[in-house]
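Participant: Chain P is fixed; fit chain B onto it per the hints.
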Amino acid sequence: MLQDIISGTTVGALYVLLALGFTVTLGIGDMVNLAHGSVVVAGMYSVFALNTEFGVSPYLAVVAATVICAALSLVIYLLAIEPSRRSGAGHREQVIYTLVITSGLAIAFQLFFGGDLKGLAFTGADVVTAGGITIAKARLVAFVIAVLVCAVFVVWLRYTTSGQLVRMTGRYTESAYAMGVPVRAVFIAVFCLGGALGGLAGGLLMTILPVSPTIGLDFLLIALIVAIAGRLSFVGVGVVGLAYGIVQAVLSNRIGGSSTALVVFVAFLAVLAAQRIFVGRLAARSA
Amino acid sequence: MARVTAGPGGRTRQAPGWIVLAAVTVALYAFWGAIPAEFVPTVITGMVLLFLAYAWNIVGGILGELSLATMVFWAMGAYTLVLAMNSGRSAWPALLAAALVAALVGWVIVVVARFLGLDGLYLAVFTLIVFEIARSLVTASEPLGRNEGVILTEFTTVRTSVYLLIGLVMLAIAVNHGILRSRIGRRWLAIKDDPVAAAATGVYTGREKARAYAISAGLAALGGGVQAYYLGYAQPGTALSVELLIAAILAVYVGGPGTIIGPLLGTLLVYGLSAMATSLSTDVDVTLYAQLLQYALAFAVIWLLSTRRASRLGLTAWLGALVRRRPRAVAPAVPGVDARLPDVALSPPVRAVDAEPGPVVLRIDGVNKSFGRVQVLRDITLDLRAGEIVGLMGPNGAGKTTLCNVVTGVIAPDTGTVSLGDKDITRMSTPARFHAGIARTFQSARLFVSLNLYDNVAVGASGGGDHDRVRDLMRRYGIDGHTSSTDAPTFVRRLAEVARAMVGAKRVLILDEPLAGLTQQQHEVILRGVRDVAAGGTAVLLVEHLIQAVAPVCDRLVVMAAGAIIADGAPQAVLRDERVVDAYLGTAVVADPVSDVEEVLGAAER
Numbered sequence: 001m002l003q004d005i006i007s008g009t010t011v012g013a014l015y016v017l018l019a020l021g022f023t024v025t026l027g028i029g030d031m032v033n034l035a036h037g038s039v040v041v042a043g044m045y046s047v048f049a050l051n052t053e054f055g056v057s058p059y060l061a062v063v064a065a066t067v068i069c070a071a072l073s074l075v076i077y078l079l080a081i082e083p084s085r086r087s088g089a090g091h092r093e094q095v096i097y098t099l100v101i102t103s104g105l106a107i108a109f110q111l112f113f114g115g116d117l118k119g120l121a122f123t124g125a126d127v128v129t130a131g132g133i134t135i136a137k138a139r140l141v142a143f144v145i146a147v148l149v150c151a152v153f154v155v156w157l158r159y160t161t162s163g164q165l166v167r168m169t170g171r172y173t174e175s176a177y178a179m180g181v182p183v184r185a186v187f188i189a190v191f192c193l194g195g196a197l198g199g200l201a202g203g204l205l206m207t208i209l210p211v212s213p214t215i216g217l218d219f220l221l222i223a224l225i226v227a228i229a230g231r232l233s234f235v236g237v238g239v240v241g242l243a244y245g246i247v248q249a250v251l252s253n254r255i256g257g258s259s260t261a262l263v264v265f266v267a268f269l270a271v272l273a274a275q276r277i278f279v280g281r282l283a284a285r286s287a
Numbered sequence: 001m002a003r004v005t006a007g008p009g010g011r012t013r014q015a016p017g018w019i020v021l022a023a024v025t026v027a028l029y030a031f032w033g034a035i036p037a038e039f040v041p042t043v044i045t046g047m048v049l050l051f052l053a054y055a056w057n058i059v060g061g062i063l064g065e066l067s068l069a070t071m072v073f074w075a076m077g078a079y080t081l082v083l084a085m086n087s088g089r090s091a092w093p094a095l096l097a098a099a100l101v102a103a104l105v106g107w108v109i110v111v112v113a114r115f116l117g118l119d120g121l122y123l124a125v126f127t128l129i130v131f132e133i134a135r136s137l138v139t140a141s142e143p144l145g146r147n148e149g150v151i152l153t154e155f156t157t158v159r160t161s162v163y164l165l166i167g168l169v170m171l172a173i174a175v176n177h178g179i180l181r182s183r184i185g186r187r188w189l190a191i192k193d194d195p196v197a198a199a200a201t202g203v204y205t206g207r208e209k210a211r212a213y214a215i216s217a218g219l220a221a222l223g224g225g226v227q228a229y230y231l232g233y234a235q236p237g238t239a240l241s242v243e244l245l246i247a248a249i250l251a252v253y254v255g256g257p258g259t260i261i262g263p264l265l266g267t268l269l270v271y272g273l274s275a276m277a278t279s280l281s282t283d284v285d286v287t288l289y290a291q292l293l294q295y296a297l298a299f300a301v302i303w304l305l306s307t308r309r310a311s312r313l314g315l316t317a318w319l320g321a322l323v324r325r326r327p328r329a330v331a332p333a334v335p336g337v338d339a340r341l342p343d344v345a346l347s348p349p350v351r352a353v354d355a356e357p358g359p360v361v362l363r364i365d366g367v368n369k370s371f372g373r374v375q376v377l378r379d380i381t382l383d384l385r386a387g388e389i390v391g392l393m394g395p396n397g398a399g400k401t402t403l404c405n406v407v408t409g410v411i412a413p414d415t416g417t418v419s420l421g422d423k424d425i426t427r428m429s430t431p432a433r434f435h436a437g438i439a440r441t442f443q444s445a446r447l448f449v450s451l452n453l454y455d456n457v458a459v460g461a462s463g464g465g466d467h468d469r470v471r472d473l474m475r476r477y478g479i480d481g482h483t484s485s486t487d488a489p490t491f492v493r494r495l496a497e498v499a500r501a502m503v504g505a506k507r508v509l510i511l512d513e514p515l516a517g518l519t520q521q522q523h524e525v526i527l528r529g530v531r532d533v534a535a536g537g538t539a540v541l542l543v544e545h546l547i548q549a550v551a552p553v554c555d556r557l558v559v560m561a562a563g564a565i566i567a568d569g570a571p572q573a574v575l576r577d578e579r580v581v582d583a584y585l586g587t588a589v590v591a592d593p594v595s596d597v598e599e600v601l602g603a604a605e606r
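Protein chains in written order, with my numbering: chain P, 1 to 287; chain B, 1 to 606.
This is chain P alone, in the form it adopts within the complex (with noise of 0.2 Å):
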């Protein structure tokens, strides 16, 4: 139990890292990217691609995959994002265009790398044993890593002039406009940003997890749950998210992992009435 419970919390940072990934993206810039998930992916199998064909250490691929994945989310801003925020079409066109995105990237995967399950040679291979409990050395770092770029990235936004800018203009864009603030410049840096930590969580989770090309859904549903429950405050992630993955490691180990989906789906719906009733409506924007 306690095991499972600690390698929960070890995945969970992660998914806490690519939650706010997402919600950066839409609690700051309003802008749903529902291709977040394949971008973890892609950040995965950057690493993959980097650490089994050129050699590259696992942790400088996971560097790249987070510089690859900003540039990623560049394209998909360009190609999904603009064109509704230059007409004003607001949520649905961006939906519909992330959506075909995501799936073409899922084909794109499957093409590139096959359809199997790939994994890194050296995961849970070096172990650290305290107090009866046993755990892979690429998971605490993993874990470590999450939990100091969540807690730069926070502080970056919350207390220092920059990040208050940022938060800012997401909130009042034509008077940030009017003052003069890059906004185009802002919301591209919101985006991939996002996309950078999406990428890192993926690069991270290539470290302890295997992929697939089909899994990005799962992320993106991940990213969702975590950042709506969570109501788009970094607290709320925070929460929202270890408890996603210690709930995720410790059931999956005793109902198997459909049953364990079905418990955290109906879980959320239960969470979204529980705030519904005791402290109302989501605000679209509270980030």
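If you're looking for bench data, these hints aren't it; they were derived computationally from the structure. Glycine residues also receive a C-beta, built at the ideal position from the N, C-alpha and C atoms. Careful: at least some of the hints might be erroneous.
[What the hints assert, rightly or not] Just a few of them, taken from the derived set where beta-carbon distance is under 10 Å, the chain B residues facing chain P:
1) L118
2) V130
3) S141
4) E243
[Said to hold, decoys possible] Estimated spans, in silico, between C-beta atoms of each pair:
5) B:A34 with P:E53: 50 to 60 Å
6) P:V155 with B:M276: 48 to 58 Å
7) B:F155 with P:V239: 50 to 60 Å
8) B:S182 with P:M1: 56 to 66 Å
9) P:E53 with B:S87: 46 to 56 Å
Facilitator: Positioned in the frame of chain P, the structure of chain B alone reads:
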């Protein structure tokens, strides 16, 4: 630009559509045998997609909600049919029952989502979660065969499948056609364009959404059943296929969401190419490349069309424009609004001051409203009497629009009541208030762009008498010669909006800055209409900055500042009130209150 709903002569124009549908159905049944056998599977797969596209168009195209739960209903039909046939029961009653249950589930999904306060993007996410719940249930269930699914033990024929499928596709097209040609379609398109304005025009948005989901879900269940019948099995890979749904959504968006021909055009383009590619080879990679090509093509089409103004209607609009070469691009020489202006200007609208005040129609009593820590309405008490025109003014941020929102039910007050006649309507929904006789216009023009001008005015009409009124109002304002709601001049659109509100304003009419951006002559056209409405016994609340223009027609002026009413009385008296001047200028700088206040206020406004 392609128009999808019936115009003023709607009823008489309905016949050809149905005749075409019937003729195509007969032709399909008659000539099906002519298709070479090796193409039959490809055509069947295409028809399955076509059917799903039409079923999805009802919710996603006409109503504009991105439902991602459609495959749940599809699977309900598929598994029900297979299980029923395997257990020796007759398949079709079971499938019909599944369709009814699916419709009920679709309805429940909307009701639950409403309870959870989810709409727009969050409703789409909710439907995605519902889909995932269903998929987990199926893959965890032994009787449903987990990932392998259930195989039909009975022998089925391609011929029967084809006949069923043709019937289904034509049924789905007929349902789309029926919706688009009726008042229901008008309401759904209005919801897609602007849910708030639709609700204020008497459309019960929640009820209509539930209805659309139910119809779409019932159809989807039928489609799933027939697909399973054709394939001979039901399994998550086909009955719960995300790829199939995405292809259908793309078909709708490529062809033109909310149009009758769009899903067909979209399916031909999206599916046609990939079908050709896959028919060349059975290699898995070829299938994948074909699918990738399909996505890229669909994306490119939607993307390219979205840079045009007609993007909302996809290929349909583009083709429509090509075919017609815009024969009515030049505004028709109808005796339009401007031609009538001099006549109006000759008789300046001035009201008899000593008119007998009617009974109180609307009573706002002690209303308070705060947004967070900002109190925007402070103890507002105001009566409107039948036949009275009340001007409501005040500086920006005084709370005028919030007050309008409280009266129409868009915003609920924290404390206080709103009564219509003797009835407390504080908790009544916005559309219910419209049907009770309260209607409004919005500060910024909010015409429904998917509807033509007539349908815009007629959205709120409920009975036959209302339709006479719509025609009458449009003729009186001289806008009956215009058809497009997007190409018409600003003034025509404003008049249409005012007329739309007037259709429902049997007791109270609220106009939020109806004169903004118009010329003085145009002011008089609108104010004259306001006077006519008031003469019919409707109480009018006129929110306006242009005091010089509205004061002559008002019985009373009410002035708000910082969320409170600071003056209420006869126009001349109110305009000379020192507090009113203060409110506009900030400090008491006017030494002589009898100086030309209008001029001061006008200057302050500018």
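Participant: Decide, hint by hint, whether the structure agrees.
Facilitator: Hint check:
The closest approach between the C-beta of L118 of chain B and any C-beta of chain P is roughly 7 Å, which is under the 10 Å cut-off, so the hint is satisfied. Against a cut-off of 10 Å between C-beta atoms, the interface hint on V130 of chain B holds, since the closest Cβ of chain P lies about 8 Å away. Satisfaction of the interface hint for S141 of chain B is found here, the shortest Cβ-Cβ separation to chain P being roughly 9 Å, below the 10 Å cut-off. Nearest Cβ of chain P to the Cβ of E243 of chain B: about 7 Å, under the 10 Å cut. The hint holds.
A hinted range of 50 to 60 Å for the beta carbons of A34 of chain B and E53 of chain P is consistent with their spacing of about 53 Å. The beta-carbon spacing between V155 of chain P and M276 of chain B, approximately 55 Å, falls within the hinted interval of 48 to 58 Å. Between F155 of chain B and V239 of chain P the beta carbons are some 56 Å apart, a value that agrees with the proposed interval 50 to 60 Å. Range check, S182 of chain B to M1 of chain P: Cβ separation about 60 Å, and the 56 to 66 Å hint holds.
Our hint of 46 to 56 Å for E53 of chain P and S87 of chain B holds, since their Cβ atoms are close to 53 Å apart.
When the structure is compared with the earlier hints, no violation turns up for any of them.
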